[in-house]
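With chain A fixed as given, assemble chain B onto it according to the hints.
Chains as they are written, first to last, in this note's numbering: chain A, 243 to 627; chain B, 243 to 627.
Per the computed footprint, the stretches of chain A lying under chain B, defined by three or more beta-carbons under 8 Å from a beta-carbon of chain B, are:
id, region
1, 319-332
2, 350-360
3, 380-392
Pairwise CB distance ranges (calculated):
id, chain 1, residue 1, chain 2, residue 2, range
4, B, R330, A, S299, 37 to 47 Å
5, B, T588, A, S274, 15 to 25 Å
6, B, D261, A, E603, 53 to 63 Å
7, A, Q584, B, D323, 37 to 47 Å
8, A, V460, B, Q584, 51 to 61 Å
9, B, T588, A, T327, 24 to 34 Å
10, A, A581, B, Q272, 38 to 48 Å
11, A, P414, B, S284, 48 to 58 Å
12, B, S408, A, T327, 42 to 52 Å
13, A, D438, B, Q272, 45 to 55 Å
14, A, S299, B, R559, 22 to 32 Å
15, A, G571, B, T260, 42 to 52 Å
16, B, P414, A, R559, 41 to 51 Å
Calculated from the model, a selection of chain A residues having no Cβ within reach of chain B, i.e. all distances over 12 Å:
id, residue
17, R253
18, D293
19, A302
20, E461
21, L463
22, L521
23, A599
In case anyone wonders, no lab produced these hints; they're calculated from the structure.
Being a predicted model, the structure only gives us computed values, none of them experimental.
Cβ atoms here follow ideal geometry from the backbone N, Cα and C, with glycine treated the same way.
2 protein chains.
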Amino acid sequence: MKIEICLGSVRFPFHLSTDALDELVERLLQLSASRYVIVCDSNVAPLYGKDIVNRLSGRAVADLLVHGAGEQHKNLQTVNDLMETALRSGTDRASVIVAVGGGVTGNIAGLMAALMFRGIRLVHVPTSLVAMLDSVYSLKQAINSGLGKNLIGTFYAPEEVLADTSVLRTLPRREMISGMCEVVKNALAIRPQMTDLLLNSLQPDSNYADEALRPIIVESLAAKKMVVADDEQECRAGMALEYGHTVGHALEYTALGALSHGEAVGLGMIVAAEVSHRLGHLDEGTLALHRDLLSRAGATCTVPAGIDLDEVAHRLRFDNKRGYLGLTGDAYAMVLLGAQGQPLWTDSRPLVEVPGALVREVLAELSTPEELVAPPSLMPTADNV
Amino acid sequence: MKIEICLGSVRFPFHLSTDALDELVERLLQLSASRYVIVCDSNVAPLYGKDIVNRLSGRAVADLLVHGAGEQHKNLQTVNDLMETALRSGTDRASVIVAVGGGVTGNIAGLMAALMFRGIRLVHVPTSLVAMLDSVYSLKQAINSGLGKNLIGTFYAPEEVLADTSVLRTLPRREMISGMCEVVKNALAIRPQMTDLLLNSLQPDSNYADEALRPIIVESLAAKKMVVADDEQECRAGMALEYGHTVGHALEYTALGALSHGEAVGLGMIVAAEVSHRLGHLDEGTLALHRDLLSRAGATCTVPAGIDLDEVAHRLRFDNKRGYLGLTGDAYAMVLLGAQGQPLWTDSRPLVEVPGALVREVLAELSTPEELVAPPSLMPTADNV
Chain A
243 MKIEICLGSV RFPFHLSTDA LDELVERLLQ LSASRYVIVC DSNVAPLYGK
293 DIVNRLSGRA VADLLVHGAG EQHKNLQTVN DLMETALRSG TDRASVIVAV
343 GGGVTGNIAG LMAALMFRGI RLVHVPTSLV AMLDSVYSLK QAINSGLGKN
393 LIGTFYAPEE VLADTSVLRT LPRREMISGM CEVVKNALAI RPQMTDLLLN
443 SLQPDSNYAD EALRPIIVES LAAKKMVVAD DEQECRAGMA LEYGHTVGHA
493 LEYTALGALS HGEAVGLGMI VAAEVSHRLG HLDEGTLALH RDLLSRAGAT
543 CTVPAGIDLD EVAHRLRFDN KRGYLGLTGD AYAMVLLGAQ GQPLWTDSRP
593 LVEVPGALVR EVLAELSTPE ELVAPPSLMP TADNV
Chain B
243 MKIEICLGSV RFPFHLSTDA LDELVERLLQ LSASRYVIVC DSNVAPLYGK
293 DIVNRLSGRA VADLLVHGAG EQHKNLQTVN DLMETALRSG TDRASVIVAV
343 GGGVTGNIAG LMAALMFRGI RLVHVPTSLV AMLDSVYSLK QAINSGLGKN
393 LIGTFYAPEE VLADTSVLRT LPRREMISGM CEVVKNALAI RPQMTDLLLN
443 SLQPDSNYAD EALRPIIVES LAAKKMVVAD DEQECRAGMA LEYGHTVGHA
493 LEYTALGALS HGEAVGLGMI VAAEVSHRLG HLDEGTLALH RDLLSRAGAT
543 CTVPAGIDLD EVAHRLRFDN KRGYLGLTGD AYAMVLLGAQ GQPLWTDSRP
593 LVEVPGALVR EVLAELSTPE ELVAPPSLMP TADNV
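Chain A extracted, bound-state conformation (with noise of 0.2 Å):
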């Protein structure tokens, strides 16, 4: 199936189907490329980088850059390598680029289609479920600084997106759970009426048809078209999109590895429904479904131990919200919601301006107390395997 995404001035098309590499190799070919340049992380590359690169070659020039697969190698130095052995390789105004991947390759490769020549051609295909719903209704392509995630980068549109439900086969379970987390971010924050699909097809091992998952991601992407079809900068309504990020990020960051995105942002959410309910804006029971639907998906709903939480509090301090909201003291800047599908709103944007204090203290309590746990496995996070 083709959906068409409009996001302000940006129109591109999202192709959906299942077992059709095929097609999706004919589709690349149409754009009648000088060169494709596939871009992979070291996982992906196996399984699809090299198939659809030797499914192009013949046909037309391709090539298979690699990159270290994990949130660690999201960094300009990353981006600038892979564009430096691009130019070399003989890529020009007429090359496309061809991220083939989880979010953070989408990122990278986004990036360099961005910055070569001051803008190629870029074409996502998403082999995560975070991917396939965030690389579509998202302009960004955001890397991390020393300082904090995602503060680099710029907005960037694809000429198309080309999915395919059989590729998530491979996907972690990990990986599987860290999108579902975003699917019930979409549910909470954005579309009530998703969640009784949510209650029906959340399975907490991961096991899904693609005649589940087709729905799901279908009803996601609504629910990101509800917010961003006139906001592609996504500092309006868009925001809405960013529920659970601001802790969620700091999680992330601080579990070097331990949490994949998805549930991070989960825990982020439960810790942005506590502070909500707790200064009364929130009821118990839209409190109840955050943990409710994360359960269902699999997430943890706890804190793991051995996450620094002083640490967690001192990444907060770098999150990218805080300019919007002009904060200097001991406050951070959070999407908040009054009721599910219903953001509070400060001024123009979706961000409250919440007490440091009254986050870290709702934190402490999610925390996991050290003794009763074994340690948590610090893997660097699979952007997708």
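Same frame as chain A, now just chain B:
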């Protein structure tokens, strides 16, 4: 005086004054930035950067960020280092990046502003003649790759441009000549009606009164306005501004500082004019006018000895305009004139496919035989002092 700059949907003011740094600082303060990040090279920092920080201090938070002087620092590593420093100091979305300097600083700071938090406010305070002309009607924030000049970057507009001719008094003669070559380019490629002004005002010794500079600047801006008003990305009519730049960039890159940007472009224009003449497009008088105006501006009309023409030819292969014409064989994509102010078009662009051998032949004829001259001093280009 204030000139309103319009580039497609982008609008910002250009203020041109003389001896009015106080007023300039007042304009900066009107932006109510959470922090002013003044970006300079190591030459401009002691001359103007520190002074502007001092004038802001006490009334606002201001930092001075200094990068090495010269084109060799215009790379992604410098941009990354400065961004990390700025973030560490507490730069946020409400901060303003102020580029105080020449074209190199303008591009470095411009890309910083474009990439930090996916775009924060930018003000240009150009301290060279080139920067006064280029930073205004060009939104290109481009830096160098290991493979060639300006291959990496994006389009980003400043909030305003604040120019004061008094700062040009500290500009070395070499840099003033560089700027005047760009002025000559505007007269040749775009605006023949500037010719008399230039014939009367150009000074080979670069000794210009402020009263002489202002009309030259205003006329040059008028020339740019003619071609880029509806082409903010400079890929259609605006490409006339690239006149002389194909060969010019390759010469400048190879010369390692022995040629200023403007002089390299001047030579590039002479090559383009000779090529166009030999192809039967351009008459002898207009060709002679190229040499006449460039000589009056104090610029060289011969390629200095010591520049490796094989290396220049190699660089030409990576020119970023190749992709527009889809060139594959021994040919370059160049802006050529059919008459003064009238570039030749191919399809929808003022670009022509030129045989590579002809360009190299003309270049060789323009070169000073090695035995006739002293070796050029290979000083690194001071972007501005």
